[in-house]
Amino acid sequence: MVYHPMLRYIVNRLLLMIPTLAGVAVLVFILLRMMPGDIVELKLLAEGGGVDAATIAMERARLGLDKSLWGQFWDWMGGLLRGDLGISMWTGRPVIDEIASRLELSLQVALMATVLATLIAIPLGTISAIFKDTWIDQTIRLFAIAGLAVPSFWLGMIIILTLLLTFNWIPPLTYVPIYEDPWHNLSQLIWPALAVGYRYSAVATRMTRSTILEVMQEDYIRTARAKGIRERIVVARHAMRNAMLPVITVIGLEFAFLIGGLVVTEQVFNLNGLGKLFVETVTRGDFTMVQALVMLIAGFFIFVNFVVDLLYAAFDPRVRYR
Amino acid sequence: MSATDAGTITYTVPKRRHPVVLFVTQQPLGAAGLVLIVLMLTASLFAGFVAPYDPLAVDYESMLGAPSWAHLLGTDAFGRDVLSRIIYGARTALVVGLASSLLGCTLGAVIGMVSAYFGGRVDMLIQRLMDILLSFPIIVLALAVVAVLGKFVVGGIDVNLIIAIAVPMVPKVARVVRSSALAIREMPYVDAARAAGFSDRRIIFRHIMPNVVAPYLIMFTAFIAQAILLEASLSFLGLGVTEPTASWGLMLSGSSADFYQQAPWMIVFPGVAISLAVFAFNLFGDSLRDWLDPKIKL
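Chains as they are written, first to last, in our numbering: chain A, 168 to 489; chain B, 2 to 299.
Bear in mind the hints are in silico, worked out from the structure with no lab data behind them. It is possible that part of the hints are untrue.
[Claimed, not checked] For the chain B half of the interface with chain A, some residues (derived, Cβ under 8 Å), not all of them:
no., residue
1, D132
2, A148
3, Y190
Note that beta-carbon positions come from the ideal geometry of N, C-alpha and C, so glycine has one too.
Build out the structure end to end from the sequences listed, making use of the hints.
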């Protein structure tokens with residue numbers, strides 16, 4: 168049988184994702200069952216009043232927590248395969264609804280941060296590489312390395328503080344989808360996007376600079392120069408195009424991590440996104456919710472990784488698929 | 002007259018300079034980072050002498066005081082001196098940062114070397130396991146570990162927090178060390194050691210380990226920076242260091258957030274402290290990499 172090597176590569180990679188995801192599932196499942204505390208007691212106590220053993224037992228049975236670990240695991244896996252994420256143990260609402268209502272917000276912030284970071288990083292990184300070791304390069308490098316050091320949640324606090332002290336204004340506190348009121352939406356979400364985007368752009372700027380520097384050493388750059396092509400064209404056509412792959416990789420991988428990075432920043436801006444949901448559910452021990460969230464985040468990360476590798480293979484003929 | 006007199010050759014032996022001197026002259030930025038690190042270390046070691054006040058001393062007379070000569074960086078909502086809390090916070094950050102980085106990098110290095118040395122199925126199994134750990138965002142993994150382990154405080158420092166911060170480092174270090182060790186495994190002297198009948202343990206620790214010291218050191222410094230950031234984030238979320246221990250992340254959470262407008266110094270200075278510390282370790286780590294092995298990618 169003859170397959171296109173690219174196709175075989177894609178199928179192989181997709182098949183390899185299955186054991187990794189299964190491993191993630193097992194790990195999360197085990198970690199959660201090792202957690203001290205019990206959601207049923209926590210929840211019933213939070214609702215107030217005396218709780219007797221019979222009520223606790225009934226609630227446990229209702230949530231399926233009275234089954235053996237195997238039983239619980241198979242229940243969860245069976246649900247997952249049918250596309251059923253279960254019911255949140257804390258709120259009683261379907262997990263999928265709880266996640267969907269927050270995914271929109273987090274995804275928008277992440278996308279905005281990505282666009283901001285890319286717009287800043289690619290020109291800055293390129294300029295830095297062209298003017299290597301001059302004061303321009305040093306300034307940009309300082310900007311980038313500072314971006315790695317400043318915690319994004321603190322940057323968020325400083326942004327709010329600055330807005331408050333200079334304009335006596337704070338971003339709106341209620342979330343409105345962008346298609347309902349774009350101005351309201353953007354004036355709320357641009358700030359967290361900036362806060363997480365700085366670090367993001369710093370990572371991408373450093374990557375752009377180092378790959379452009381690397382590419383400029385290549386023979387084809389010397390050839391292009393020898394042909395008498397103007398330096399601007401050499402950089403734009405020959406260097407930047409070839410340097411973009413690693414930069415795309417970093418942008419893609421950081422995007423996947425951004426969903427996690429929002430965990431802290433969402434608290435600062437009081438945004439009801441995935442990150443906030445994750446912190447809340449982990450501290451409550453809401454098994455079904457944490458399991459679903461972790462599978463979602465890890466699955467997303469693995470998928471982005473896969474897409475990045477695919478882009479590599481598709482755009483760079485020198486990359487051979489194994 | 003002896004023959005040697007006629008043909009005396011004089012040459013100067015190049016002056017052997019101490020590696021620290023070489024590093025400082027070749028990597029001025031890294032040296033600047035190193036100076037900051039040493040300053041921080043000294044301040045936190047001698048916090049009792051350096052800090053003007055007891056970081057836990059509550060003083061209701063001077064709540065939310067602006068920076069002044071008595072309190073250089075102001076006071077917080079309990080009248081505690083912000084500067085003193087930052088100095089003691091450096092102690093927390095450095096202890097957690099150094100300990101978790103040491104733990105995470107050492108564990109990762111051992112796993113990476115074992116994986117490379119034995120190869121085959123062992124390698125395959127370890128790599129899959131590392132892949133699983135790598136598919137969690139750092140903070141998500143750390144949060145999960147914190148939630149599972151709970152708190153185990155020894156001398157004001159939560160040991161389980163250190164473990165939680167170390168866990169996400171393990172797969173990254175293992176991956177880098179494995180790739181370095183793979184090349185070394187093929188070296189003739191490793192074959193020779195094996196032929197001489199040395200044990201696997203001896204070959205790993207005596208023959209392979211010295212060759213992965215450079216990547217180890219580079220990652221160790223880089224991950225201290227990451228650990229300090231992570232500790233601040235977790236403490237900020239209320240899942241890391243807990244009151245009354247002084248911690249930079251903790252100083253940014255709770256009451257500080259309620260007094261944004263009246264007392265901005267409460268949130269400005271601890272953040273500057275975190276940024277400076279991370280900046281210093283990044284600067285030093287970057288230069289160390291350029292100096293030891295520029296090819297290593299983290």
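Evaluated hints:
1. D132: OK, holds: B:D132 within 8 Å of chain A, min 5 Å.
2. A148: holds, 5 Å
3. Y190: Hint violated; B:Y190 Cβ to chain A Cβ min 30 Å, cut 8 Å.
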